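Participant: As a plain string of letters, each chain reads:
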Amino acid sequence: MQHTAEIEEEATLTDIASILTTFEKGRGSLIPILQMIQEKHKYLSALALQMVAKHLKMSACEVYGVATFYNQFRFYPPGKHQIKVCLGTACHVRGGDIILENFERKLEINVGETTPDREFSIDRVACVGCCALAPVSIIDDTVYGHMAPSKVEGLILGFEIEKEREKREKKKSESE
Amino acid sequence: MNQNSKVKLNEIFTSIKAEAETRLKDISGDNSQNIFIGMATCGRASGAVEVKATFEEALIERKINAHIIPVGCLGHCYGEPLVIIDKPGFPPILYQNVTPGKARLLVKAYLEEGDPVFEHVLGAMEENDMIPAVMEFPRFNQEKRVVMANCGLINPEDIYQYIAKGGYSALVKALALEPEKIINEIQESGLRGRGGAGFLTGMKWQVVQDSEEKDKIVICNADEGDPGAYMDRTILESNPHQVIEGMAITAYAVGANRAIVYVRAEYPLAVEMIKKAIGQAKEIKLSGEGILGTNFNLDIAVFQGSGAFVCGEETALIQSIQGKRGMPQLRPPYPAQRGLWGKPTVINNVKTLASLPPIFENGAKWFRGIGTDKSPGTAIFSVVGNIVHAGLVEIPMGVTLRALIFDICGGIPNGKKFKAVQIGGPSGGCLPDDFLDTPIDFDSLNQAGAMMGSGGMVVMDEDACMIDVARYFLDFTQKESCGKCTFCRIGTKHLLDILDRITKGEGREGDIELLEDLSMDIKNGSLCGLGKTAPNPVLTTVKYFRDEYEAHIREKRCPAMMCRTLTAYFIDLDKCARGCDACVGSCPTEAIFTTKNRKKGIDQTLCVKCGECMVSCPPEYDAVRKVSPPELAPKIERPKEE
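Chains A and B are the protein sequences, given in the same order. Position 95 (the first sequence) corresponds to 94 in numbering that gives the first Met the number 0; numbering is contiguous. Position 405 (the second sequence) corresponds to 404 in numbering that gives the first Met the number 0; numbering is contiguous.
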């Protein structure tokens, strides 16, 4: 396992190196670079930030300082299914925090964390602009409106069933 | 700069316009049927993508010839997904809440058999004798669409549809004028910046134009950070070309050759639309080099903001483009004097820029005729919360809050009472019903203690706790404070802590006065708008809902029964039906148990107060009760397991 992880890491870093060459070396490129890396690799690893710093001839701590200032950037790998709970004003008025709490309780992690099996991660977002559907949650780019605690259970159960099914099918195809 | 030849400009533009009209004929000729589907973010969230796919399938299945045209957002979020079907022999009809099932039905019944399926119709888009027109409803006819005139009616991905509707002709007019004349016209129109503060646009431009520096920059501020306002996103998604046209007029007037659209990365669709639109405008020489055959060049780039509320402030926005933390800077120098990379910079909000084409099209006098004397023009609000017809509303300035909330948006649903309206997001304030007759304009709202701000408007009914609302906004601003000014950084944290303890029933005597003192200190001790306005939600709620604060602090009671530590649910045993299990399955924490006589009880130690049992209890029993303070709930012991 260790071996594949290392290969993966190496591939990621080579890719980041190639991303870096497409940007100008000015400070103005910093945020676009970070955005591009996150878009392709889902998060900013410490090594990635160091590479960016080297490319822009900045100190790593300054790059880290800018990256942590903005809400968009994340520094740990997200789960396979990314759950984003909207806590915009309309969602708050209609009980968005209760929905968040239910996800946290069900998955036994806190907001901003990923489950140990890397299946789910929970984030809070400030308004996705579907206020008429409040409270809203987004899982893997699908927006679920009019959320309720029972819907939380149902959604997660759905993913778990899906995973079981995949496992079974995989086993079946392997045995064939 | 020499005045551009009017004749030559018109000549070039006429050929572009002719092209647009031929293309329009191709899709909306005499006998073609068109299906317009609202495909902006809100429509997609409600299932517009599936609806579009179903329409496509059904048309092929039934071998019907019709164009499907994805359009932006009409602003009527309560009815999404919205579909307009234009069939020869009928007026264009607007259908609401269209599901894939309804889509199939419409194709079969309406397009094939000619029955408009009246039960799903919202209204006709034109006057006719067959179907009531939408213009007969207050939600439509009391609006005044200037900025959003074409939103939801044209395909944002097709520049020619905007041109066919009269787009870019204002730019042609402007290019034939001396830049000074343009600025005069804007000053005459009295246009005030729509970003919230309401600074006179013409004055800002004048400063930049007067600068001797050659390299000037125009920035479109679409960093809409208020959690509850989404009009900038809607405009960029529904009609990006009107914003580009506005930017081109601005750039020409102040003498800039570079422009940047600063848009939130959280708005992926808006980013895509504006990028596409910039490319299209460049292709037919409406941006880029040598616009419309003149020697005016404008290079428009897109910068994605990374999610920091404070970056809506212009100096912070500039910092972030320069690759730094988005921290506001001391003004002066104003960005108009020394802005991005030290160059004179005009920063205008999306709505300000989108207001420009209509002003040049119809003249400053026309614009002055809309709205009030000091705040001419229209205002766009996203009206959300406990309201019947939620969505985006564009109204002339000066309309009262009462007219907006009750007449246009249909009032409060479920027969509840109006309690307060929160205007202007985290920087604004909560106004009670005494202020419903306040006209909506920059100055009146400021006077009342709220502000126009971003245009977010959250309507709250009697079930909303004002302290909880204040705490919510404080929680937001506290997290978003950039940390530069001590009062904002630490003060908001203390405000939040005090509010937190009040909502938890740990409030102390003197807390209200402490909140007021601290709020004033934060206002005085902060550099930018974020800190100066962050205490507004606290100050207005203390001022108008002081009794609620007192109830929380002295009686440990939440009058609205919203603060969860101060409330409890219990089951009324007289009403609970023996043997009914409806609530048991709904409880996420298994707090509901069966009593000895087969009724239900709630284990208060396990209850998380989510309210699901109340929702799931069949209305004929209606046995779940909510009380505050929690001590009022009768104690029912869980029977020991045998």
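Just so you know, the hints here were simulated from the structure itself, not pulled from any lab data. Please read these numbers as outputs of a predicted model, since none were measured by experiment. The beta-carbon is built from N, C-alpha and C at its ideal position, and this holds for glycine as well. Treat the hints with care, since some could be wrong.
[Unchecked claim] Here are some of the chain A residues that sit facing chain B, going by a computed Cβ distance under 10 Å:
(1) Tyr42
(2) Ser44
(3) His91
(4) Ala147
Participant: What are the numbers of the hints the structure violates, in ascending order?
Facilitator: 1, 2
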